[in-house]
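Enquirer: One line per chain: the protein sequences are A and B, in this order. Heads up, the first sequence is in this note's numbering, so the first residue is 1 and it goes up one at a time. Heads up, the second sequence is in this note's numbering, so the first residue is 1001 and it goes up one at a time.
Simulated from the structure, these hints should not be mistaken for laboratory data. Some hints here could point you the wrong way.
Said to hold, decoys possible - Computed list of lysine to aspartate or glutamate pairs in DMTMM-like fashion (alpha-carbon distance at most 25 Å, straight line):
1. 1263/B <-> 1353/B
2. 1116/B <-> 1353/B
3. 1296/B <-> 1217/B
4. 37/A <-> 1217/B
5. 1296/B <-> 1218/B
6. 1097/B <-> 6/A
7. 1039/B <-> 1353/B
8. 31/A <-> 1210/B
9. 31/A <-> 1217/B
10. 1411/B <-> 1102/B
11. 1230/B <-> 1299/B
12. 1354/B <-> 1103/B
13. 1296/B <-> 1210/B
14. 1296/B <-> 1313/B
15. 1411/B <-> 1217/B
16. 1215/B <-> 35/A
17. 1230/B <-> 1173/B
18. 1116/B <-> 1103/B
19. 1215/B <-> 1299/B
20. 1296/B <-> 35/A
21. 37/A <-> 1210/B
22. 1263/B <-> 6/A
23. 37/A <-> 1102/B
24. 1230/B <-> 35/A
25. 1263/B <-> 1173/B
26. 1361/B <-> 1173/B
27. 31/A <-> 1218/B
28. 1215/B <-> 1313/B
29. 1354/B <-> 1173/B
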Amino acid sequence: MKYVKEKLWLLCCISAAAIIVFGLSPLALPKNTFDPKLFGMPYVLWVNILLSIGLVLLTVLGTFVHPGSINSSEE
Amino acid sequence: MITIFIVIAIIYIGVLVTFSLMTRKKNKDSTSYFLAGSKVGSVLGIFTLAATLFSTFTIIGMPDFFRTHGIGSWLFLAFSDAVMVFGIITVGYYLRKTARREDFRGLSGLMAKCYKNKYAGYITFVGAFIFLVPYVAIQIRGIAIFLNATFTHALPIWGWAILIVLIMLVYSEVGGLKAIIYSDMLQGIILLVVICIIAYNCVSYFGNLENLFSKVEEVNTQLLSVPGPKGLFTTQFLITSMIAITMIPFTQPQVVTRIIIMKNYRSLFRMAIGLGVFALIIIFATLCIGMYGAVKYPELNTAEFISAVLISDQSNFVAAFAILGLIAAAISTSDSQIFALGGELRSLLSGNDKKMIGITKVAIVFFGLVVLAFSLMASDELVLLARTSFTGTALMAPMIFLAIFSTRRLKMLIPILTMMAMLIFISSLLGLIPNMVFGLNLDLLLILLLTLASLAAYRLSPIGD
Chain A
1 MKYVKEKLWL
11 LCCISAAAII
21 VFGLSPLALP
31 KNTFDPKLFG
41 MPYVLWVNIL
51 LSIGLVLLTV
61 LGTFVHPGSI
71 NSSEE
Chain B
1001 MITIFIVIAI
1011 IYIGVLVTFS
1021 LMTRKKNKDS
1031 TSYFLAGSKV
1041 GSVLGIFTLA
1051 ATLFSTFTII
1061 GMPDFFRTHG
1071 IGSWLFLAFS
1081 DAVMVFGIIT
1091 VGYYLRKTAR
1101 REDFRGLSGL
1111 MAKCYKNKYA
1121 GYITFVGAFI
1131 FLVPYVAIQI
1141 RGIAIFLNAT
1151 FTHALPIWGW
1161 AILIVLIMLV
1171 YSEVGGLKAI
1181 IYSDMLQGII
1191 LLVVICIIAY
1201 NCVSYFGNLE
1211 NLFSKVEEVN
1221 TQLLSVPGPK
1231 GLFTTQFLIT
1241 SMIAITMIPF
1251 TQPQVVTRII
1261 IMKNYRSLFR
1271 MAIGLGVFAL
1281 IIIFATLCIG
1291 MYGAVKYPEL
1301 NTAEFISAVL
1311 ISDQSNFVAA
1321 FAILGLIAAA
1331 ISTSDSQIFA
1341 LGGELRSLLS
1351 GNDKKMIGIT
1361 KVAIVFFGLV
1371 VLAFSLMASD
1381 ELVLLARTSF
1391 TGTALMAPMI
1401 FLAIFSTRRL
1411 KMLIPILTMM
1421 AMLIFISSLL
1431 GLIPNMVFGL
1441 NLDLLLILLL
1451 TLASLAAYRL
1461 SPIGD
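Next comes chain B alone, as it looks inside the complex:
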């Protein structure tokens, strides 16, 4: 298996290098480097968005989440993703209109322009930085732990983490967003094919789906209903998760950018449909893998379970591609997010274009190093940490929606309230304040209050620019 893995890994890195060198020549200014020329077609769009969204958290986290918490995980992610794709065609249209009007360079820059105040941009940038860095870090950590468990004597966890961050930084810095998008396409295809083959093998082990679920029923009936064995899937948890996930395309810069850079509305719509199909297939596959794990490996920890199901139980060929698929998933999500942070910073800077690209490239390396440091400290709870990141950025949704939809003169009240909400949310994560208020989850309460405040601010704001 190791020989096959080394061969395909070399081919994979070779393809990444080729993409970077191909696109490097075309990167003449900020628009081509950070926004890939803003003419991305629907097929590239589907895979780049899918690879950006479906990360290590999906391949490692979701099978484990299904195994531990049961079928409610479908509602947590797949149903929420289906709502999200409907949201992309609904709100994406207005987002693109606003972006075109304001000469989009990045979400932070867009907020600064819409609110006519640079501090609105700074708040957006800081919010994205604070909540994306831990998310990227857990991707790196997840894959580093997995590789360490699989190749026991090769490298320590920090060694794998450094290697992944290095690969990611080199090809992102050289090739820009276009290189990332091409590599996302490759990574998305590998991810989809590998996970479907493994899921098929998991179901085949029991003969068919019916046998698989009847075995799960024998092992732990609670996995087959809500709220699940640990009582996680309460209605409040599911509603908050759905809001957080649905808001990703409008609050996380790496996804916002991908919506804006689509060639036209038709490409955007096709991308949304493709993403929905991709999401349902891939999450159904992780459901099968998770249910298989619930029967066969109920007692193993996450790394041992993933290593068993993706490596030990598969043929050498599939196992080698599974490892590559995992690395590809971690890289495709992380590079997009780190690069997007660079793009956000660029959108707040003004001055000579070449000089600003240079400054941003240095900043991307800095973001990569911060992520690396966090990845060595993060917890192993991939899915729940990812959800925290989604919820954190979702707090910016009312501020962003107000900017997208309002034709009135906007004041700084909502960005300031958003900043306060993020501070309160972080305080609750640190345990400084309770995370339940009047029987409501604090994150849900904060989103509701910000939404009400945004509606009130819209009604009270003066008409005209």
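Isolated chain A (complex conformation):
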């Protein structure tokens, strides 16, 4: 179980790094681009809102598999 959690935690870290790299790349930050829109919001904004929500969700997932959750009895 501990081994699986460690692998999942590693996966969370890699996913977070991927979101950060994507969020700062020209794919998420194209200059002077407005379309496609979502609820009227321009592309750069809604993509980055989704990425931010994704990171917070990863944090939620991360708390279940983080080494601290495994060793919480140590405190």
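Dock chain B against the given chain A, drawing on the hints supplied.
Expert: Relative to chain A, chain B alone:
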């Protein structure tokens, strides 16, 4: 509106006084006074950290930043905050382990212990002092300017600044960190509710979000993309800002303390998640307010815009709470930082506990007076000045990370290099040296070089204590 404001302000001050008196009796030693007994639960943790992080710079600065520079501001703050909360659960765990091992009293004391050299502690303390004082000062200045513009004949800017610093010092000195944490909870709730109501009103004015953004497109298309109308949001600017903001929980003493004093890992993790949700809600609200301002008040200066959107365009009841929310935001961030500087000083002192608490209390008053003096001189560029403060403290991140993660014997090379980097950064802020080197922002270059130096120092340092 003034009558409502006076009534709720009296209730608010009454609650602050109650918190201070309640917690005063429990403050028997340094740990209870400076670290609130180190048993803070997740709900209190969320609000105290949120109130400490989301300050005047968020309520006044961010709507204005969205209005002036457009939607790239989301990436500047909200995306960076989302990265930060992931960082809190990742690094926070190791920070707490190190802190427990070294009997944490403050970040400066922790560095002195990890590097086994008191000068590492002094460098951390001086770095925190130099970069936090201007940040606290702009909070005070921002709110004092706003209050002066709102209540034209009541008090001059310096009068409001003195009043705020006085309130802050009195309840912090009397109640200690526990009083600050309780008041942060109150301030965090006021801030969240008020800003959401105002944002809702701003969107309702246009009918819905879609109409709001189509109006913004008519006024200034560049606000809806990067790099923004003034070309601020370059990739380098965003990367440096993200690093600076992500490092706040590990380099700014008031946030480090809040991570350490959480009851257990579970409380810490819940706090991180709550903070992430809080950040996204509040920054989305400031986005709506900023976009509203871009359409309705594109020509006004910051104080006039904020006064119009938070006061004139709202009902008397909401306006009164908005003013209180602003004061609460300024106070909650400033008191935490000034108090944290006191805690840092305490962590470097040794001797009789009661005597040291007394010395530190005097030092907190001194820090308050320094902040007051700076607030009367600071510039009005709230967000950019805040970013400078974040970047300045972020320069300490490689030194702190090395101390947290290393199990090897650490030498003073990295603290000395950190001190030199801070001096170089300050020189560039003063215009003595250029802020671009080989096409790279100097702050980004310094962080990269310190990171490389820390990795090399770790590899080369001898194994064992």
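Enquirer: A separate judgement is required for each hint: does it hold in the structure or not?
Expert: Evaluated hints:
In summary, the hint linking residue 1263/B to residue 1353/B is supported, as the alpha carbons are separated by about 24 Å, within the 25 Å threshold. In summary, the hint linking residue 1116/B to residue 1353/B is supported, as the alpha carbons are separated by about 22 Å, within the 25 Å threshold. Our distance criterion of 25 Å between C-alpha atoms is met by residue 1296/B and residue 1217/B, whose separation comes to about 13 Å. A distance of roughly 12 Å separates the Cα atoms of residue 37/A and residue 1217/B; the hinted pair therefore holds under the 25 Å criterion.
The hinted pair formed by residue 1296/B and residue 1218/B meets the criterion: a straight-line CA distance of about 12 Å does not exceed 25 Å. Only pairs whose Cα atoms come within 25 Å are accepted, and residue 1097/B paired with residue 6/A is accepted, the gap being roughly 18 Å. Of the supplied pair hints, the one linking residue 1039/B and residue 1353/B holds, its CA atoms being roughly 20 Å apart against a limit of 25 Å. A C-alpha spacing of about 21 Å is found between residue 31/A and residue 1210/B, which places the hinted pair at or below 25 Å, so the restraint holds.
The suggested pairing of residue 31/A with residue 1217/B holds, with an alpha-carbon distance near 16 Å, which does not exceed 25 Å. As the CA atoms of residue 1411/B and residue 1102/B are separated by approximately 17 Å, the hinted pair is consistent with the 25 Å bound. For the suggested pair residue 1230/B and residue 1299/B, the alpha carbons sit about 15 Å apart, so the restraint of at most 25 Å is met. Our distance criterion of 25 Å between C-alpha atoms is met by residue 1354/B and residue 1103/B, whose separation comes to about 18 Å.
Among the hinted pairs, residue 1296/B with residue 1210/B is consistent with the structure: their alpha-carbon atoms are about 16 Å apart, no more than 25 Å. As the CA atoms of residue 1296/B and residue 1313/B are separated by approximately 11 Å, the hinted pair is consistent with the 25 Å bound. Distance hint between residue 1411/B and residue 1217/B is unfulfilled; the C-alpha atoms sit about 56 Å from each other, more than 25 Å. For a cut-off of 25 Å, the pair hint linking residue 1215/B to residue 35/A stands: about 16 Å separates their Cα positions.
For a cut-off of 25 Å, the pair hint linking residue 1230/B to residue 1173/B is broken: about 44 Å separates their Cα positions. The hinted pair formed by residue 1116/B and residue 1103/B meets the criterion: a straight-line CA distance of about 14 Å does not exceed 25 Å. The straight-line distance between the Cα atoms of residue 1215/B and residue 1299/B is roughly 16 Å, inside the 25 Å bound, and the hint therefore holds. Simply put, residue 1296/B and residue 35/A have alpha-carbon atoms about 24 Å apart, close enough for the 25 Å limit, and the pair holds.
Between the alpha carbons of residue 37/A and residue 1210/B the distance comes to roughly 9 Å, so the proposed pair stays at or under 25 Å and holds. A threshold of 25 Å between alpha carbons decides the hint, and for residue 1263/B with residue 6/A the separation of about 24 Å falls inside it, so the pair holds. With a C-alpha separation of about 52 Å, the suggested pair residue 37/A and residue 1102/B falls outside the 25 Å cut-off, and the hint is violated. For a cut-off of 25 Å, the pair hint linking residue 1230/B to residue 35/A stands: about 21 Å separates their Cα positions.
With a C-alpha separation of about 24 Å, the suggested pair residue 1263/B and residue 1173/B falls inside the 25 Å cut-off, and the hint holds. Taking the CA atoms of residue 1361/B and residue 1173/B, the gap is near 6 Å; set against the 25 Å cutoff, the hint holds. For the hint linking residue 31/A to residue 1218/B, the alpha-carbon distance of about 18 Å falls within 25 Å, and the restraint holds. Taking the CA atoms of residue 1215/B and residue 1313/B, the gap is about 18 Å. The hint holds against a cut of 25 Å.
In summary, the hint linking residue 1354/B to residue 1173/B is supported, as the alpha carbons are separated by about 14 Å, within the 25 Å threshold.
In this structure, the hints that do not hold are numbers 15, 17 and 23, in rising order.
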